[in-house]
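**Q** Chain residues, written in single-letter form:
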Amino acid sequence: MTLRSGLALVVLWALAAGSASADDKDIHEDEVKAAFVYNFAKFVEWPSGKINESINLCILGESPLGFSALKAIDGRTAQDKQLVTKLLNKSTDLKGCHIVFVAASERNKMAQLLKIAHQQHVLTVSDMGGFAQAGGAIELVEADEKMRFEINLLAAKEAGLVISSRLLSLSLAVYDENNRPKQ
Amino acid sequence: MIKITIKNTLILTVMSTSLVMVTAQAAPKTEVADLSLEELMDVKIYSAAKKEQAMADTAAAAFVISQEDIRRSGATNIPDALRMAPGVQVAQINAHAWAISIRGFNDRFSNKLLVMIDGRTVYSPLFSGTYWSAQDAVLEDIDRIEVIRGPGGTVWGANAVNGVINIRTKHSKKTQGGLVSAQGGNYQDGGSVRYGGDLGKDGTYRVYAKGKHNADYLNRNGQNAHDQWNTGQGGFRADYNLTGNDELSFSGDILEMQGDETIGLTNAIDSDMSRRNANAVAKLTHKNEGGEWYLQSFYSTEERRGYFINQLIDTFDMEFQHNLKAGERNAVTWGLDYRVVADKLTDFNGVSFSPASRATQLFSAFLQDQFSITDDLRLTVGSKIEHNDYSGFEYQPSARLLWKLNENHSTWISVSRAVRTPARSFHDIRVGLYSLPARPPFLPNAQVGAIVGSTGFKSEEVTAFEWGYRGQMSQNLSVDVATFYNIYNNLLSTYPSIVRSTGLTQNLSVFANGTEAESYGAELYANWKVTDSWRLQPGYTWLTVDTRAKSNIDTIKNEGSSPQNQYSIRSQLSLPHNIEFDTSVYYVDNINNTAVKVANYTRLDLRLGWRPLKALELSVAGQNLLDDRHPEFVATDLVASQIPRSVYGKAVVTW
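Protein chains in written order, with our numbering: chain A, 43 to 225; chain B, 9 to 663.
Chain A with its partners taken away, still in its complex shape (with noise of 0.2 Å):
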């Protein structure tokens, strides 16, 4: 190849990067995660008098939301409430929380865990494989690189939420009475 050529390609290049722009591509997955916990906010309903005047997005363990992703959804409404993320560092205390985004790093705690947020109504969510099948209420689930999530009503039940018929229509699996997790 000539150098002539050499240049040419990158001139290609050049022109290329000059009209790139930042919606066409795929989209981090933290991103996408970071929105549906959002969109959840916006379609589960809360035992009456538990939520004031927001609604609190708790964050424990080594969290895969990254700093970025969570600042997209900060501050947001979801039923005429704002939306508020606060970071739990290794503590089981989920005193003002409505929903938990449990971290893969919690794993070993999780029995424990899924005990507390269900006494005190909060909404577990987490990414973690087997999540919903091991007792928690959401579980985000890549498939075919994109994401999707699984509902286990019988744990939404267990902490006084109502899932909307909305979220569960659009879920890959639910797990209720007749289709009960296998332990």
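None of these hints come from the bench; they were simulated from the model.
You may find that some hints are simply not true.
[What the hints assert, rightly or not] Simulated crosslink set (DSS-like; lysine-lysine; CA at most 30 Å straight-line):
1. LYS157/A x LYS209/B
2. LYS199/A x LYS209/B
3. LYS622/B x LYS188/A
4. LYS113/A x LYS537/B
5. LYS333/B x LYS137/A
6. LYS188/A x LYS52/B
7. LYS52/B x LYS84/A
8. LYS128/A x LYS84/A
9. LYS182/B x LYS220/B
10. LYS113/A x LYS157/A
11. LYS188/A x LYS181/B
12. LYS84/A x LYS622/B
13. LYS209/B x LYS622/B
14. LYS151/A x LYS178/B
15. LYS182/B x LYS151/A
16. LYS188/A x LYS209/B
17. LYS157/A x LYS295/B
18. LYS151/A x LYS291/B
19. LYS128/A x LYS412/B
20. LYS188/A x LYS291/B
21. LYS295/B x LYS188/A
Assemble the complex: chain A is given as a structure, and chain B must be docked to it using the hints.
**A** What follows is chain B alone, placed relative to chain A:
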């Protein structure tokens, strides 16, 4: 003709592109959080950060080639995809033979590397090397390729001396629906079909078929190199969720290949080669709160017919591995493995094995503990104990320390020992070199020359010292540095032995362990998200290997050759209207030693992809674009071809 150098290309590219970037308008950005659930479910995601995060927790030099990387590289086979991993040397010998190694000693049968597909070892027990042409998959169905540089013997066992390459295909849950891909070009044509569906309520499966044809390359004289090849492959994978915690997976593949090669020990001889491979794998995985275990068993059979030998090799392997938490601070992993390899070798043209048929067994056990000294300091110690029929008991211990300086920076050190247990060849082979009739009175005896294996051949050993650092410099820039110093002992050598009997003198070169070596080097790479739609990944690999004979009767056998410097830069650019423009530039230093002389070369690969519909991806790619053809390597038993410029178009339809 002015050859464009890597330096020029890099400077020009970076200059021009950064200029353009400065002047580019900030495009209005759609917020992902504004999307409805239905829209969100249709968004294609990528997870570069996930692998980096997992990697940040490893006290070893590890790199993951993702599905996205493979797709955007334009690679049409696994060896070309491996060019992307820093520290890996990929050199193509002819249309269907590659030399691939990590941290030195590159050769057609690089024998210090463990290669696996979904945990099934695929290197040949005959030479400890890998026949890369027989390792393939529907590229779209590969989830990732994990590349570990440095010894991995503690967990993985024999052959993981300089590194481990594990090709992992997707879970069948992730390959639901159909896929048809077709490719045509000046050297390579091929196509794949895959379909995935449900198996009742709790299971999923996929089946696939793939075929390809590679045309003849040219040799260094510009003549036909006679190395065309065809291959057909088919297989399946099924995953069945038994309970919430247990999963049963089955997979199997068959492959048939036929091609030509030019044999070149003394004269160039055109020869046919063919192969038939089949394998079946069953795996049971159990996960619960306390840990995870799996039981995997595989059977594989391969038949290769060639100029020197016809090989029929059957392997059966059974493996168990268990990860468990032991208290707050310890994570224990232990495992057991049993393998039996049985072969039947038919010899031609001066190469022979004695015995011609042999079955060998291997038993191993390992135990490793990951101890969290503090939340930020983690020590991993363990060892493997292995017994094989050639060299008896072997132990492969390692100690690794990871220090997370803070959320974004971590550093690690390690010391480890690994062995390359003797392959069948080093014990049992005889390669005839020449045969002269007696001519009295000057030559009273007939003379025969040969290289012969030795039952005294021991394992090759390495002790490796490694240090590494990983840093997330900003949200958009991460860097990774790894350095190593390796001390090798008992590497392959030969010593002369003259055996005289009545009327016959045999001049033998006998395999022995008379070579020592030291190697050191470093691998650096960065992942820079320049803008939301442009990613740059520069890499540099530096390597020095010193080998010496242990005594003056030992002759260093060619243990392979690797370049001292390799630079690469890859660019992935996403454009409006679902267009992608991807560039890879690789510079590979010259190799100049007694066995191998190859000039340095620069390789440019380009890909232009367009997704006009969600279900359709069209692309045009060019590989090796900077010159008509050049050699990348030589081999002892094959006449090397020159690797040509190739261009192809590809269409992938999914539903």
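**Q** So, for every hint listed, does it hold in this structure?
**A** Each hint, compared with the structure:
{"no.": "1", "hint": "LYS157/A x LYS209/B", "result": "holds, 28 Å"}
{"no.": "2", "hint": "LYS199/A x LYS209/B", "result": "holds, 24 Å"}
{"no.": "3", "hint": "LYS622/B x LYS188/A", "result": "holds, 13 Å"}
{"no.": "4", "hint": "LYS113/A x LYS537/B", "result": "holds, 19 Å"}
{"no.": "5", "hint": "LYS333/B x LYS137/A", "result": "holds, 29 Å"}
{"no.": "6", "hint": "LYS188/A x LYS52/B", "result": "holds, 5 Å"}
{"no.": "7", "hint": "LYS52/B x LYS84/A", "result": "holds, 23 Å"}
{"no.": "8", "hint": "LYS128/A x LYS84/A", "result": "holds, 18 Å"}
{"no.": "9", "hint": "LYS182/B x LYS220/B", "result": "holds, 24 Å"}
{"no.": "10", "hint": "LYS113/A x LYS157/A", "result": "holds, 29 Å"}
{"no.": "11", "hint": "LYS188/A x LYS181/B", "result": "holds, 12 Å"}
{"no.": "12", "hint": "LYS84/A x LYS622/B", "result": "holds, 28 Å"}
{"no.": "13", "hint": "LYS209/B x LYS622/B", "result": "holds, 28 Å"}
{"no.": "14", "hint": "LYS151/A x LYS178/B", "result": "holds, 29 Å"}
{"no.": "15", "hint": "LYS182/B x LYS151/A", "result": "holds, 28 Å"}
{"no.": "16", "hint": "LYS188/A x LYS209/B", "result": "holds, 21 Å"}
{"no.": "17", "hint": "LYS157/A x LYS295/B", "result": "holds, 20 Å"}
{"no.": "18", "hint": "LYS151/A x LYS291/B", "result": "holds, 27 Å"}
{"no.": "19", "hint": "LYS128/A x LYS412/B", "result": "holds, 24 Å"}
{"no.": "20", "hint": "LYS188/A x LYS291/B", "result": "holds, 26 Å"}
{"no.": "21", "hint": "LYS295/B x LYS188/A", "result": "holds, 24 Å"}
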